[in-house]
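**Student:** Each chain, letter by letter, is given below.
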Amino acid sequence: MRLRAWDLTIERGGRRVIAGLSFDAPEGAALIVTGPNGAGKTSLLRALAGFLPIEAGGFALDGGDNERTVGEQAHYLGHADGVKSALTAGENLAFAAAMLGGDPSRAAQLAALTALGLGHVVDFPARLLSAGQRRRAALARLLMAKRPLWLLDEPTTALDVAAQSALSAIMRSHLQDGGILVAASHGALELDGARELRLGAVEGAA
Amino acid sequence: MLSLLPLGEGGAKRRMRVMTPVLALFAREWRIAGRIGGGASVGIVFFLILVVVMPFALGPDLNLLARLGPAILWIAALLATLLGLDRLFQADHDDGSLDLVINGSPQLEIAVLVKCAAHWTASALPLVVLSPLFGLMLAMAPAPLALTAATLAAGTPALTMIGAIGAALTVSLRRGGLLMAVLVLPLTIPVLIFGVAAAESASGGAAPFLSPFLALCALSLAAIALAPFAAAAALRHARE
Numbered sequence: 013m014r015l016r017a018w019d020l021t022i023e024r025g026g027r028r029v030i031a032g033l034s035f036d037a038p039e040g041a042a043l044i045v046t047g048p049n050g051a052g053k054t055s056l057l058r059a060l061a062g063f064l065p066i067e068a069g070g071f072a073l074d075g076g077d078n079e080r081t082v083g084e085q086a087h088y089l090g091h092a093d094g095v096k097s098a099l100t101a102g103e104n105l106a107f108a109a110a111m112l113g114g115d116p117s118r119a120a121q122l123a124a125l126t127a128l129g130l131g132h133v134v135d136f137p138a139r140l141l142s143a144g145q146r147r148r149a150a151l152a153r154l155l156m157a158k159r160p161l162w163l164l165d166e167p168t169t170a171l172d173v174a175a176q177s178a179l180s181a182i183m184r185s186h187l188q189d190g191g192i193l194v195a196a197s198h199g200a201l202e203l204d205g206a207r208e209l210r211l212g213a214v215e216g217a218a
Numbered sequence: 003m004l005s006l007l008p009l010g011e012g013g014a015k016r017r018m019r020v021m022t023p024v025l026a027l028f029a030r031e032w033r034i035a036g037r038i039g040g041g042a043s044v045g046i047v048f049f050l051i052l053v054v055v056m057p058f059a060l061g062p063d064l065n066l067l068a069r070l071g072p073a074i075l076w077i078a079a080l081l082a083t084l085l086g087l088d089r090l091f092q093a094d095h096d097d098g099s100l101d102l103v104i105n106g107s108p109q110l111e112i113a114v115l116v117k118c119a120a121h122w123t124a125s126a127l128p129l130v131v132l133s134p135l136f137g138l139m140l141a142m143a144p145a146p147l148a149l150t151a152a153t154l155a156a157g158t159p160a161l162t163m164i165g166a167i168g169a170a171l172t173v174s175l176r177r178g179g180l181l182m183a184v185l186v187l188p189l190t191i192p193v194l195i196f197g198v199a200a201a202e203s204a205s206g207g208a209a210p211f212l213s214p215f216l217a218l219c220a221l222s223l224a225a226i227a228l229a230p231f232a233a234a235a236a237l238r239h240a241r242e
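In order, the protein sequence lines correspond to chains A and B.
Counting in the numbering used here, the first sequence runs from 13 upward without gaps.
Counting in the numbering used here, the second sequence runs from 3 upward without gaps.
Errors might be hidden in some of the hints.
So the derived list for chain B, only partly shown, Cβ under 8 Å to chain A, looks like this [unchecked claim]: (1) T22; (2) P23; (3) R30; (4) R37; (5) N65; (6) R69; (7) D97; (8) S99; (9) V103; (10) G106; (11) A143; (12) A145; (13) L149.
It is worth saying that the hints were derived from the structure and are not from the lab.
If you're wondering where the values come from, they're calculated on a predicted model, not measured in any experiment.
Cβ atoms here follow ideal geometry from the backbone N, Cα and C, with glycine treated the same way.
With the sequences and hints as input, model every part of the structure.
**Tutor:** Put into structure tokens, the structure is as follows:
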């Protein structure tokens with residue numbers, strides 16, 4: 013299985029943010045997308061997840077399910093957590109598992125939250141969690157269902173050092189199982205052998 | 003798209019796999035509506051305000067009030083539905099959980115249908131159940147109130163589904179409620195016309211009851227069948 017992209021051109025808000033981008037990520041590969049603010053990291057990830065249409069070029073998950081889009085076979089975690097304030101952390105994960113075809117049971121919720129050090133907040137309403145705890149609760153849904161591709165947009169935002177280590181451990185385990193990771197980050201994410209995909213800001217309209 | 007409705011022998015397993023996320027989505031919508039209110043209670047309160055204020059505005063003429071009663075109930079139901087639908091998709095869009103629903107397990111069309119069903123049972127169904135009480139407040143005769151409630155029950159699904167299209171189109175706009183109402187209002191006028199016609203004939207008008215009532219049912223069924231595709235297409239093309 014590999015994630016291939018060729019000649020990707022993406023526009024957002026009428027502005028061309030990415031032009032002619034190509035990359036290739038095989039199994040077990042981590043691609044760290046870096047670049048200045050406004051370079052198009054979020055746009056690239058949202059385009060791969062299928063939320064943003066591409067103007068030219070294409071991308072495909074070779075060896076994946078031909079009946080489904082790339083986004084339907086991936087975990088996507090954006091800037092907005094996807095965590096509902098009115099529900100508890102556990103209920104949020106149960107819903108995510110149901111949507112993603114994973115195991116929504118309480119045991120699975122506890123296991124996922126414990127992996128991120130949040131086992132004790134499983135019954136807390138999400139609005140009572142701190143920003144870092146919300147982010148970790150959102151990251152816990154990566155463990156609720158198995159997906160071959162992870163698209164993460166600045167996953168370490170608001171995370172303390174311990175949480176960042178826990179996240180890196182989870183990502184390493186995903187890569188060792190043959191998963192593919194594309195993450196936008198300003199930091200290195202503690203992943204050995206990760207390749208960097210550097211985006212530069214494209215000034216003006218092309 | 004063929005997996006939208008898994009039928010037949012081999013579809014049994016796929017049906018099970020579709021039902022769990024459908025029930026999970028329905029349960030989630032109810033849970034959120036129960037905890038923070040939001041669209042559902044806004045609609046009911048608005049309905050109550052309109053119906054309570056009308057008699058004061060129209061004066062003590064009970065005959066006038068009773069004659070206008072069906073129309074007032076229907077206008078209140080229409081506005082209450084439109085008011086509550088504004089947040090149908092916007093809340094999910096703002097906190098990022100719409101991404102999960104778009105790329106998630108049931109097809110987006112089914113997810114839209116489930117969200118609308120949850121919204122209807124949480125906000126329009128109480129209106130239907132309370133409409134006889136409000137009808138009494140508007141000096142309507144008690145006998146035809148059940149039929150008036152039936153017209154609301156038949157017509158509010160159409161209002162909800164048509165409103166969902168508007169909600170999906172304006173999902174990425176801040177305060178898109180006004181634009182949504184403008185987009186959706188022309189499409190809801192036929193529902194309003196048939197609904198009021200049926201309710202008025204139930205209250206002793208000369209026109210037959212069954213033909214506008216059946217037309218109302220047809221509009222609802224058509225909206226339930228077609229609106230999910232339009233709303234899902236609008237959500238997919240939000241370009242964000």
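**Student:** Give me the numbers of the hints this structure contradicts, sorted from smallest to largest.
**Tutor:** 5, 6, 11, 12 and 13
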